[in-house]
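K.L.:
What follows is each chain in one-letter form.
There are 2 protein chains.
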Amino acid sequence: MDKFVYSFNEGSKDMRSLLGGKGANLAEMTKIGLPVPFGFTVTTEACTKYYEEGGQIADSIKDEIYEKLAELENVTGKKFGDLENPLLVSVRSGAVFSMPGMMDTILNLGLNDNTVESLAKLTENDRFAYDSYRRFIQMFGDVVMEIPKTEFDKIFDGVKEKAGAKYDVELTTDNLKEIIVGYKALVKKFMGRDFPQEPAEQLMEAVKAVFRSWNNDRAILYRKLNHIPDSLGTAVNVQSMVFGNMGDTSGTGVAFTRSPVNGENRIFGEFLVNAQGEDVVAGIRTPKPIAEMEESFPEVYKDFTRIADVLEKHYHDMQDMEFTVERNKLYMLQTRSGKRTAAAAVKIAVDMVEEGLIDRETAVMRVDPEQIDQLLHPNFDEAAEKAAQCITKGLPASPGAACGRIYFTAAEAEKAVADGNKAVLVRQETSPEDLAGMVAAEGIMTARGGMTSHAAVVARGMGKCCVAGCSEVIVDEENKVMKVGDLTFGEGDYISLNGTTGSVYAGMIKTVDPEFSGDFGTIMSWADGIRTMKVRTNADNPRDAAQAVAFGAEGIGLCRTEHMFFEEERIPAIRRMIVADNEEERRAALADLLPYQKGDFKGIYEVMEDRPVTIRLLDPPLHEFLPKTEEEIKQLSDISGVSVEKIKKTVTELHEFNPMLGHRGCRLAVTYPEIAEMQTRAIMEAAIEVKAEKGFDIVPEIMIPLVGMKDELKYVKETVVSTAEACKKEKNSDIKYMVGTMVEIPRAALTADEIAEEAEFFSFGTNDLTQMTFGFSRDDTGKLIKEYMDKGILKDDIFQSIDQTGVGKLVKMAADLGRSTRPNIKLGICGEHGGDPRSIDFCQRVGLNYVSCSPFRVPVARIAAAHAAISAKEAK
Amino acid sequence: MDKFVYSFNEGSKDMRSLLGGKGANLAEMTKIGLPVPFGFTVTTEACTKYYEEGGQIADSIKDEIYEKLAELENVTGKKFGDLENPLLVSVRSGAVFSMPGMMDTILNLGLNDNTVESLAKLTENDRFAYDSYRRFIQMFGDVVMEIPKTEFDKIFDGVKEKAGAKYDVELTTDNLKEIIVGYKALVKKFMGRDFPQEPAEQLMEAVKAVFRSWNNDRAILYRKLNHIPDSLGTAVNVQSMVFGNMGDTSGTGVAFTRSPVNGENRIFGEFLVNAQGEDVVAGIRTPKPIAEMEESFPEVYKDFTRIADVLEKHYHDMQDMEFTVERNKLYMLQTRSGKRTAAAAVKIAVDMVEEGLIDRETAVMRVDPEQIDQLLHPNFDEAAEKAAQCITKGLPASPGAACGRIYFTAAEAEKAVADGNKAVLVRQETSPEDLAGMVAAEGIMTARGGMTSHAAVVARGMGKCCVAGCSEVIVDEENKVMKVGDLTFGEGDYISLNGTTGSVYAGMIKTVDPEFSGDFGTIMSWADGIRTMKVRTNADNPRDAAQAVAFGAEGIGLCRTEHMFFEEERIPAIRRMIVADNEEERRAALADLLPYQKGDFKGIYEVMEDRPVTIRLLDPPLHEFLPKTEEEIKQLSDISGVSVEKIKKTVTELHEFNPMLGHRGCRLAVTYPEIAEMQTRAIMEAAIEVKAEKGFDIVPEIMIPLVGMKDELKYVKETVVSTAEACKKEKNSDIKYMVGTMVEIPRAALTADEIAEEAEFFSFGTNDLTQMTFGFSRDDTGKLIKEYMDKGILKDDIFQSIDQTGVGKLVKMAADLGRSTRPNIKLGICGEHGGDPRSIDFCQRVGLNYVSCSPFRVPVARIAAAHAAISAKEAK
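Residue numbers (this note's numbering), protein chains in the order written: chain A, 1 to 876; chain B, 1 to 876.
Read the hints as simulated data drawn from the structure, not as lab findings. Be careful, since some hints might not be right.
When chains are identical, the list treats them as one kind, so a pair holds in a single copy or across two.
Lysine to any residue pairs mimicking SDA-like chemistry, simulated, CA-CA at most 25 Å apart [as the list claims (entries may be wrong)]:
| # | residue 1 | residue 2 |
| --- | --- | --- |
| 1 | K646 | F625 |
| 2 | K783 | E656 |
| 3 | K809 | V846 |
| 4 | K602 | E53 |
| 5 | K302 | D610 |
| 6 | K648 | M191 |
| 7 | K628 | V159 |
| 8 | K646 | D486 |
| 9 | K329 | E295 |
| 10 | K809 | G847 |
| 11 | K188 | C390 |
| 12 | K302 | K809 |
| 13 | K162 | D174 |
| 14 | K628 | E656 |
| 15 | K691 | S60 |
| 16 | K791 | L83 |
| 17 | K812 | V846 |
| 18 | K648 | G356 |
| 19 | K483 | D174 |
| 20 | K31 | N274 |
| 21 | K483 | T409 |
| 22 | K648 | E787 |
| 23 | K224 | K714 |
| 24 | K783 | E585 |
| 25 | K649 | D486 |
| 26 | K3 | S213 |
| 27 | K13 | P673 |
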């Protein structure tokens, strides 16, 4: 027969899915002989059964509960409703995955009009007893009977006012008794029956209420946000109460076995004498550091440190513990793995390996890749940030902290920085022309655009703090003001951005610089030893490439060539090329660009040395490069000799309704093969020269973007190969090179077997692939995605973490089809997802050879790839 | 041992793939005892072998050729190089699929310095003999020796000039002999050897040259354009020459067994006395109607009509025949199925069934669905069109012919038509606001946009002539002029459009109206009896719906609701809704729209009676409805009470970089459920009322557009269902309705199993699906697609015929996944492809239940669906 209720001495930590996290750990502590108030756990399966049976607890389960209750009475020597020694219990939910504060708890169950008096006598504290009863009725009324809290508040506040009490603690026992009378009348009025006096009835109702709480709105939303299946259900823990508020020999506390802040190996926590957990939370009294417990309770403290040590060694991890001291006796109420900062995570993991507690794989698994990011950027001083005035929240587009004066154009930001100011660039949305201003600024804030908008992508690439999509902010670039609600900020006003949380503050906030401890290097090297996927970076210039190499990048997965064209001295040539009347003029303009491009690539090869470099041919639609203002058009006319009228005509002709789906990517190279020729020449000549000069083993990987058809790739590849071969011949070089393609158009994924006939490698451009697979333009749907997540339609931002069901299906299909044609095809990812741990895990499962991400994500990706490799090994 | 050469008496019409079309039919005619000059065919396999062996004819094949040559000499009693009775042959290519004029032919092979004299003697015509020899050397020199034609022309023109001859016919025998001397010297100079005098050598070289011609540029391009595999190869037909130019008892002609123009059952063709085929082509003499042959050659004519009858009965199809009469003896040189107009195709098919020659399925297969279109629209008078001045060519966006005065705005076109003019609306590109002008105009011409641009789609829907994407034309709407090269046209100038070919003409061209004969109805009803897929229409109003029903539509597959909003009296309400500050104001504006929408749907239900109607909820981004000019904004401000500033802000906020991938489709209904509510209410109330009033069995199919995720559909469906149920309750109705979705986002196809949990039907929106799967915006890539087709990267316009490899893979995947969840799910297609025969064939293979297309494509789709059903049956 199925068993639905377990006494604490029947379970263990391995029964988490049945007993929930809390229940399993209470059982484990009981098992290893630690002092845990006895109790029992009603399983998650009982919860599932409760829902299956339409909200009823089956009689057989009820019988089991009563049986365990009898055992509890036996063990504690207390009895439900007993006047001498009444049993009081707490009833707490305990899900498989921690859902803090999401579900309901009832304390002091077992109190009634009679046992409250017994409790008063036993504790020699009338006020405590009646306050407990008052709280119990209120909690029970709220949680079990679903009577609005405000109704209880009205009664409570009425008595308080009548008594002239300002604080709750000023209420006398008589006041509390009056409140209890009022509460009971309220229950009677609402429920049409008296408040249940029978503890067994109280218990059964409470268990049901905890089951019901699994499906309250908060809990459902929390599960949605945290990817917890709805089907799991919650367990219910029924535990005999202990009291930390029975005078100066009692107390309560919360402690970690090591510092969750910096990982230091000593007990860290807080303690309050003569108090219950609630008092700590209420914030009325200030708890003391745990170390001071040694003075108040030397014996108990000794006991506690011993138990902490036992628990850590037992669980092989830093523990977060709750305990209560009742009349000099220590009781453990909870233990679980403690949350920690990135710095602490790294130090604890490394220390524990050195202490022989865990192995390296476990150590690496203990470091959350997302957290690593914290270690790479300056952050706000915590207290200073708390004290600052948060004016709005946007998307946490690129982590770190930034303070500076507001400037509304890139040029002004640049100038201000040149004048010695710190600048924050505030824009409606950035464009490639803002690049210099973004480099100069401490941080970037935009009113529009999502997590993969231009501002966000470029900022992450530079490791620069960015808050994007602040939709409440109105940026008036013309008049140089931004408005948020009633607040107005002008040029030169200070703001501060937290790119890790998305918060924007008025004024300046103190920042602290990151420290790379030796432990960081240790854990990263362990991760490198474990992972099977390579980690490359997306970098367009030697500076970013060098940064990425310093962070451990093993190559460049995506070198975009378009940003190079926006530099001041080059943009005229590219514009001349675009407005050229014929191929000859176009070639002349391209010839002017060639030395620049070649120089770019030489710089990158020199930094990357022997590491592979994937260079993507020109991708954006040409109109992105065209002049916008009359003045710029006039300038272009002067240098190109093309009439203003004709330039305007070109601008009109090149306008596109949906540039994302327009004349870009390899389509440019089909129409203007001479562009691909010039770029190939720059790539090859640079490689041949650097190879000759420095002796590096350079094998350029030439990547053709936006391919959707095999014949399209073939067409452009012919240009690339014939140019590359010509370069080799001219320079008498036998250099090797590869030609591959982005897989970013759904059709490319669907026909990857055909495309692999021409492509030597695939690089998944999951940004565009996501845009087209979903039909979501990332520039236009930032707000919509937020709405979808709020409404539970989307669980994640699809531009942050790859949609494994839809987009992932295409990626997997393409990987499989690609390998079916070319078994050794090199597969990588260079979309923003390449730096996202869950996406990296997906890449491992699909069998990609490498991930590529922005320089500041490289350490994150190294850890995440190690996690993915371990998970894959375990899944086998 | 393999056999590579077949005498004409060894083959048959069923050996087409081996002998080519021409060879198989020559053999067939020989087999059934018709007078065919004897000869043999070198097979397509020999051609393949020739390429496999690097451009060599294997010795064994050479031996076979010589063997068959000996047989030919035997049969004809003539001999290669014989001075008494020399054998002369023609060498012609003959591929499996007809490739007219694509490959090379050599006549009079066997002539040399000696046999030319014999020929002169035999024909008693020196001039004829030397002219034949001259032509042979020239043809052989060009085709076999690849000597530039211009070199021969120089010699020929030199002699002509010297002789003072204006026309070739003025050249004397001596002149021709002089030319021959010159030609032979040219050959010697170019080839370093004499012109081959040995007929056997001539033959082998000629065969090789025909094989080579399979891979000349013209042939390769033709195959690409006509979807003919490169691997097939061509056969070579070697046939003894007969001469139609041996005096007045000889002649040559071309004839059809029935009229290819109107299908009339009598011989139709042309005939020339004392002439060879070449003379007909050269156009020097005007051929006579075939009937007159009866006078010149009564016996031969009788023979010929008998043979024509035999051939038609033998092939069960109208035949296109070539023949030559040599000295009163009739020789058949070719027979094949004749090309015909749509009208002829229909009449011949119906007549032949009545004559018992073919069955109904064959009859339906004989009608090319694409041709049917010709029967539904007015067309230009053929001669008048030939005489007109073609100024440019655009895309044949919507068939038919239109003449009228140019107007550059919809309002001006409307006004001009109201004033009694015929108008052609000329626009850069149309938008929904141009609708009234498009309705008023005879035809529409646009400078931008592809086959599925707004102009094209709407025009096809209305059956209105449209030429889109005239990229050479500069339309200056502001100054009311359009320029093409040096030509300028102003408002009021006449132009004519041929929407079937894309040609645009200056001035007016006479048009002829279509005639629907009884045969048309007959063949359509046979098609309906055969097909298994239903044919629905895309119609947004009662007028189009009625037109479609008249054309045989069995339901509406797509009723777009957005066009309804653009009407003058409604647009203010929709604008008020968009600029509304809150849900309440939005609801008030929607309440004003409800009666209009309800009226729209009632009108449609009344026309459609019991037929199913699928209505799609609002799809386009809201900014499409917003005012553009200052004046319009002011007006909106006045009626809505919203400030001009605020309206402008809304316009800016709603601007999208890529509206195609923006806030549209079901995403609108997620953000503003009240829109979906209003539309559902209009759909349901209209259905309930019309059902009550007229007694039709109406089951509205409510379609939710642009779904990419199951949860998105679920979210919107909840709004739809709760509203529909409320309407039923209010009206006390038990009406049934269905809720389904468009499958037009790649992700919807990829996750169709999940989506089918919520959707009762799928309608494939292959326009958007193609856009997103390819990453091609149809508004921006018209020119690019043309370039891709020119460069052979794309074989078809992907917006005309579904891309079966990529997009089709998604459609098939979605159909299979959808049925895996919901076996009876109703599947249809409502993209433009729903009217394309090849796409319809694809739909049949994927197992769709219906196709839906614009009203004027309905007859096309009915025939195409019948073809698809027959093909599917045959494939089994």
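K.L.:
Given a CA cutoff of 25 Å, do K646 and D486 count as a within-copy pair, a between-copy pair, both, or neither?
P.N.:
Answer is between: at 16 Å across copies they meet the 25 Å cutoff, but 46 Å inside does not.
K.L.:
Indicate which option fits the pair K809, G847 if close means a Cα-Cα distance not exceeding 25 Å: within, between, both or neither.
P.N.:
both (13 Å within a copy, 23 Å between copies)
K.L.:
If the cut is 25 Å between Cα atoms, do K648 and M191 qualify within a copy, between copies, both or neither?
P.N.:
Cα proximity of K648 and M191: none, with 77 Å in one copy and 55 Å across.
K.L.:
Given identical chains, is K13 near P673, meaning Cα to Cα at most 25 Å, within a copy, between copies, both, or neither?
P.N.:
Neither, since 65 Å and 47 Å both go past 25 Å.
K.L.:
Taking 25 Å as the upper bound on the Cα-Cα distance, should K483 and D174 be classified as within, between, both, or neither?
P.N.:
neither (54 Å within a copy, 97 Å between copies)
K.L.:
With 25 Å as the alpha-carbon cut-off, assign the pair K31 and N274 to within, between, both or neither.
P.N.:
neither (29 Å within a copy, 116 Å between copies)
K.L.:
With identical chains, the pair K628 and E656 could be close in the same copy or across copies; at 25 Å between alpha carbons, which is it: within, between, both, or neither?
P.N.:
both (15 Å within a copy, 18 Å between copies)
K.L.:
At most 25 Å between CA atoms: does that hold for K483 and T409 within a copy, between copies, both, or neither?
P.N.:
within (16 Å within a copy, 41 Å between copies)
K.L.:
When no copy is named, should K646 and F625 be tagged within, between, both, or neither for a Cα gap of at most 25 Å?
P.N.:
within (16 Å within a copy, 32 Å between copies)
K.L.:
Regarding K812 and V846, is the shortest C-alpha distance of 25 Å or less found within a copy, between copies, in both, or in neither?
P.N.:
Answer is both: 6 Å inside a copy and 24 Å across each meet the 25 Å cutoff.
K.L.:
State whether the alpha carbon distance between K628 and V159 is at most 25 Å within one copy, between copies, both, or neither.
P.N.:
neither (71 Å within a copy, 64 Å between copies)
K.L.:
At most 25 Å between CA atoms: does that hold for K3 and S213 within a copy, between copies, both, or neither?
P.N.:
Answer is within; shortest intra-copy Cα gap is 22 Å, inter-copy 85 Å.
The structure shown violates the earlier hints numbered 4, 5, 6, 7, 11, 12, 15, 16, 18, 19, 20 and 27.
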